[in-house]
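Produce the complete structure using the sequences and hints provided.
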Amino acid sequence: MSTVSRRSKRVAADVGVSDPMASAEAAGLRYVTDAEPGIHRRKTAGGFRYVDAAGKAVRDAKMLGRIKSLVIPPAWSDVWISARADGHLQATGRDVRGRKQSRYHPHWRTVRDETKYERMIQFAGALPGIRKRVEHDLALPGLPREKVLATIISLMEATLIRVGNAEYARENKSYGLTTMRNKHVEVDGSKITFSFQGKSRVHHTIDLQDRRLASIVRRCEELPGYRLFQYVDREGNHHAIDSADVNEYLHAITGEHFTAKDFRTWAGSVLAAEMLRGFEPFSSESEAKKNVVQAIAAVAGRLGNTPSVCRKCYVHPAVLESYLGSAISAEGAKRKLERQITEHVRALRTEERTLLELLRERAVVESVASSPSAVGHTKSK
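The sequence shown: position 320 = 320 (my numbering), numbered continuously.
Just so you know, the hints here were simulated from the structure itself, not pulled from any lab data. For every residue, glycine included, the Cβ atom is placed at its ideal position computed from N, Cα and C. Heads up, some of the hints might be wrong.
The calculated label-pair distances, taken between Cβ atoms and stated as ranges, are [to be verified]:
| # | residue 1 | residue 2 | range |
| --- | --- | --- | --- |
| 1 | Ala35 | Leu70 | 16 to 22 Å |
| 2 | Glu222 | Phe48 | 51 to 57 Å |
| 3 | Arg181 | Gly125 | 43 to 49 Å |
| 4 | Ala61 | Arg181 | 32 to 38 Å |
| 5 | Gly189 | Leu140 | 20 to 26 Å |
| 6 | Phe279 | Gln101 | 36 to 42 Å |
| 7 | Glu222 | Pro20 | 18 to 24 Å |
Derived pair list, reagent style DSS-like, types lysine-lysine, alpha-carbon separation capped at 27 Å [unchecked claim]:
| # | residue 1 | residue 2 |
| --- | --- | --- |
| 8 | Lys100 | Lys261 |
| 9 | Lys100 | Lys191 |
| 10 | Lys132 | Lys312 |
| 11 | Lys199 | Lys183 |
| 12 | Lys132 | Lys43 |
| 13 | Lys183 | Lys173 |
| 14 | Lys199 | Lys173 |
| 15 | Lys312 | Lys173 |
| 16 | Lys173 | Lys191 |
| 17 | Lys62 | Lys43 |
| 18 | Lys100 | Lys199 |
| 19 | Lys261 | Lys199 |
Next up, the structure:
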């Protein structure tokens, strides 16, 4: 295991893994932002030139080599490049649609990927509290902000619809829960039907049977304006909900920087684990891989993703590695993990507890492998 990997495990144990500053520290990097002085790209007749914060041309071969290695798209505008080779953020710019894009240091990406184990364990621990607060807020009278946000969280868990992004809705006519319009929903008794164009211009029709949520959605639909999810403040004014509101609500409940995407990642991993557990025992590696492909395709269908995106971004690798038999299993670690499952975590559903145990086991194994006593030894396969 690399030095970066060992450091990331130690730091992640002490701080919130969602903290980018902690991730930068774990990777041995400096946390930087594009508000700091940096290098800027200027277009020329033959291509581009680069100038520092003082406006002087960058001529240092090592610096120019680093810039070249970032492979910044020519179409980007307003390009900023970190003056520090050890900056966690290496470059930012605007794509042809004006959307901000970023390039990160590879060590920072490695740490962020590796700490997904800890992040998902933290999210699993926070889920019972989130659900308890959501239940409370759904019962509030009227349509206050907390009740509408609780409704969106409930719908997100039940349907796995994306939270939505105003920019995508405006530019691509692709919608999520917070950007839904009244025309995208139909309520018939206890049945809610969402019909909308999602990401990548894929059309979705999703049905849900839930009397309480149907009643709230119907009341939202009756409010003036075309935005579906609005809340009514104490003065009777209407306000649209956006994805930032949802993430702020989650932060207020948990004290952590969890986002709507964490629900989809958790759900994708739980669904994949359940599907793989439902297969008959495989007799060969090729059969196991075939089952994985089938499971990923099914989960991708639920999430509205391509199988490749689903596997890369929404199904935790520990699920697949465990199924394929490449994960390390330590009986002692497993017994320790079982003792660690508290009454709080038992509020999770059975299939969610199963996934949490798997992730905790992996985290313990990885922690043991990255401990000082393990440094210099090769992890067994």
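Comparing the hints with the structure gives:
Range check, Ala35 to Leu70: Cβ separation about 19 Å, and the 16 to 22 Å hint holds. At about 54 Å, the CB distance of Glu222 to Phe48 agrees with the hint of 51 to 57 Å. Here the CB-CB span from Arg181 to Gly125 is close to 36 Å, at odds with the stated 43 to 49 Å. Under the hint 32 to 38 Å, the C-beta atoms of Ala61 and Arg181, about 54 Å apart, miss the expected range.
Checking the proposed 20 to 26 Å range against Gly189 and Leu140 shows it holds: the Cβ atoms sit about 23 Å from each other. Checked against the hint of 36 to 42 Å, the C-beta distance between Phe279 and Gln101 comes to roughly 40 Å, which is consistent with it. In this structure, Glu222 and Pro20 break the distance hint of 18 to 24 Å, their C-beta atoms being roughly 41 Å apart. Simply put, Lys100 and Lys261 have alpha-carbon atoms about 19 Å apart, close enough for the 27 Å limit, and the pair holds.
The suggested pairing of Lys100 with Lys191 is violated, with an alpha-carbon distance near 39 Å, which exceeds 27 Å. Taken as a hint, the Lys132 and Lys312 pair is broken in the structure, with Cα atoms around 31 Å apart against an allowance of 27 Å. About 18 Å separates the Cα atoms of Lys199 and Lys183, which keeps this hinted pair within 27 Å; it holds. With a C-alpha separation of about 54 Å, the suggested pair Lys132 and Lys43 falls outside the 27 Å cut-off, and the hint is violated.
Of the supplied pair hints, the one linking Lys183 and Lys173 holds, its CA atoms being roughly 13 Å apart against a limit of 27 Å. Proposed proximity of Lys199 and Lys173 is supported: the alpha carbons are some 9 Å apart, at most 27 Å. A hinted pair counts as satisfied when its Cα atoms are at most 27 Å apart, and Lys312 with Lys173 qualifies at roughly 25 Å. Simply put, Lys173 and Lys191 have alpha-carbon atoms about 25 Å apart, close enough for the 27 Å limit, and the pair holds.
Restraint check: the Cα-Cα separation between Lys62 and Lys43 comes to about 21 Å, which is no more than 27 Å; the hinted pair holds. This hinted pair checks out: Lys100 and Lys199 have alpha carbons roughly 18 Å apart, not beyond 27 Å. Taken as a hint, the Lys261 and Lys199 pair is honoured in the structure, with Cα atoms around 14 Å apart against an allowance of 27 Å.
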